[in-house]
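Heads up: the first sequence begins at 2 in the working numbering, then just goes up one per residue.
Since the hints were made in silico from the structure, they are not lab data.
Just so you know, even glycine gets a beta-carbon here, dropped at the ideal spot from N, CA and C.
Please note that a few of the clues may not be correct.
To be verified - The list that follows gives simulated cross-link-like pairs (lysine-lysine, BS3-like), each with its CA atoms no further than 25 Å apart:
#: 1; residue 1: Lys79; residue 2: Lys355
#: 2; residue 1: Lys273; residue 2: Lys285
#: 3; residue 1: Lys285; residue 2: Lys249
#: 4; residue 1: Lys79; residue 2: Lys133
#: 5; residue 1: Lys14; residue 2: Lys79
#: 6; residue 1: Lys355; residue 2: Lys14
#: 7; residue 1: Lys79; residue 2: Lys189
Stated by the list, open to error - Simulated restraints on C-beta separations:
#: 8; residue 1: Thr328; residue 2: Gln420; range: 23 to 29 Å
#: 9; residue 1: Asp385; residue 2: Ala310; range: 22 to 28 Å
#: 10; residue 1: Asp434; residue 2: Ala310; range: 15 to 21 Å
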Amino acid sequence: MALKVYNTLSRQKEDFVTNQPGRVALYVCGPNLYDPCHVGHAFSYIVFDTAKRYLRFRGYQVRHVQNFTDIEDRIINKALEQKTTIQAIGEVYIQRFLDEMDALNIERADAYPRATGVIPQIIEITQTLIAKGFAYAMDGDVFFRVRQFAGYGRLSHRSLDEMQAGARIQVDERKADPMDFALWKASKPGEPAWDSPWGKGRPGWHIECSAMNWAEHGAQIDIHGGGHDVIFPHHENEIAQSEAFTGKAPFARYWMHNALLRLSGDTSAEDKMSRHAGNTLWIKDALARHGSDAIRLYLLSTHYRTPLAWIDADVDATARSLERWRTALKDAGATQAVAGDNALVQLAAQTHEKFITAMDDDFGTPQAIAALHDLAREINRARDGGATPAMLAPAQTTLRELASILGLTFAEKQAELLQAAPFIELLIATRRDLRAAKQYALADKIRQDLAQLGVVLEDTPQGTTWKAER
RNA sequence: GGCGCCGUGGCCAAGUGGCAAGGCAAGGGUCUGCAAAAUCCUCACCGGCGGUCCGAAUCCGCCCGGCGCCUCCA
Numbered sequence: 002m003a004l005k006v007y008n009t010l011s012r013q014k015e016d017f018v019t020n021q022p023g024r025v026a027l028y029v030c031g032p033n034l035y036d037p038c039h040v041g042h043a044f045s046y047i048v049f050d051t052a053k054r055y056l057r058f059r060g061y062q063v064r065h066v067q068n069f070t071d072i073e074d075r076i077i078n079k080a081l082e083q084k085t086t087i088q089a090i091g092e093v094y095i096q097r098f099l100d101e102m103d104a105l106n107i108e109r110a111d112a113y114p115r116a117t118g119v120i121p122q123i124i125e126i127t128q129t130l131i132a133k134g135f136a137y138a139m140d141g142d143v144f145f146r147v148r149q150f151a152g153y154g155r156l157s158h159r160s161l162d163e164m165q166a167g168a169r170i171q172v173d174e175r176k177a178d179p180m181d182f183a184l185w186k187a188s189k190p191g192e193p194a195w196d197s198p199w200g201k202g203r204p205g206w207h208i209e210c211s212a213m214n215w216a217e218h219g220a221q222i223d224i225h226g227g228g229h230d231v232i233f234p235h236h237e238n239e240i241a242q243s244e245a246f247t248g249k250a251p252f253a254r255y256w257m258h259n260a261l262l263r264l265s266g267d268t269s270a271e272d273k274m275s276r277h278a279g280n281t282l283w284i285k286d287a288l289a290r291h292g293s294d295a296i297r298l299y300l301l302s303t304h305y306r307t308p309l310a311w312i313d314a315d316v317d318a319t320a321r322s323l324e325r326w327r328t329a330l331k332d333a334g335a336t337q338a339v340a341g342d343n344a345l346v347q348l349a350a351q352t353h354e355k356f357i358t359a360m361d362d363d364f365g366t367p368q369a370i371a372a373l374h375d376l377a378r379e380i381n382r383a384r385d386g387g388a389t390p391a392m393l394a395p396a397q398t399t400l401r402e403l404a405s406i407l408g409l410t411f412a413e414k415q416a417e418l419l420q421a422a423p424f425i426e427l428l429i430a431t432r433r434d435l436r437a438a439k440q441y442a443l444a445d446k447i448r449q450d451l452a453q454l455g456v457v458l459e460d461t462p463q464g465t466t467w468k469a470e471r
């Protein structure tokens, strides 16, 4: 039994073997800092966060690097518009990004290099590429010579001759080949610029990731991740630059790309979520409506390589299913688990196996989730059947542990109401007395009034419990 | 024009050669003073046509419909 990962390069699931045993060098393409992030970004980062958690669960030590692209045309334009600097723009969006990642329970990366932080490396790589004949300078610009790199097109599976370069953009006449791309761009007046052997300028569009990988991970990494839309040209170009520069291949052993999220727009058609198309749902707004657990479980209910459309009503449905898991975990940890071999303990072990089998198959979260649903149901059934908390505990531990790999926290809404707890308990006690005296009208009024305040009472044979409305 | 993806019950979504996971919704039970929660039962032959095979949702061909990349993009 071994982990298999789908590799965009080979278009197949491959056995997962790392460069160094037990260690994974992971790089995930981060955001361009010209706007806030939308749930499409969240999807990608949740996918790789889950993969990372699972890899660690499987015993790997993972070093995760994610970039911030903080120099780019739109950022420059935005800075000019707002009469501020690209640094200031970057800071605002980086802080917001980190806050949102935290809110989504996405673990922080081990390093967040920025494009503007690796200018010396970018210049060094560019110089070396020129020296090796892979690049050429023209009037302060430097272009990568695509035809010089034999494997160009391998990742996106296209050949240079079949691509219609410049079909929709004007091709720079000075390029040796229309597909050649800029490593370094001469700066225009008023733009941020750095000194270079080719004059004042700034990095091109793809070089920063090669530089950051080299700086943080070295010549070769294990997994390079990103959205499906970034396969070409971004990742194709990264391979060309990095491998031409280091002379080592493969640059990345596994290329993982998540499918893209769509969003129903004003028109009937569902379109890819995209910032420049204005077809977006900001992470902030999604969180306000749904909460982290529901968002994660919803997005992970579909396999990461299958496109999905964000539908609010469906996220709500996922949130409802999550309630059953919360119920299953009720009072978990309240008692010491008993080492028994009841059916529930066996099922917990089976669930563990199923979860691993599912996740080993290219991170098969949908089936992993199904296994957890089965376990949650059995826990609830056992409780209904009179199982003691100690008997439930082992299965609850398993459920919580496996769910945490999906990044679910089951954060108690109760926490917000903690201060009110003694008073809620008092009302429950009063209501209990009223019910004992068959004063049901008053008892029901207490329950209704509490419900108005977001506190839900549930009567059980063991007494009345309360929870915050989700 | 090139390279790809998708079409499974009312909705979402697994499965990719051997009697169709899971969730939501719906209907009917159990429990309960009521309510809620939980749980039980019921609910599909897999876009269409043709082919391969003992056997196909699963492989091949064609068609219909939806979508992505080829340009910045998670």
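Structure versus earlier hints - violations, ascending order: 1, 3, 4, 5, 9, 10
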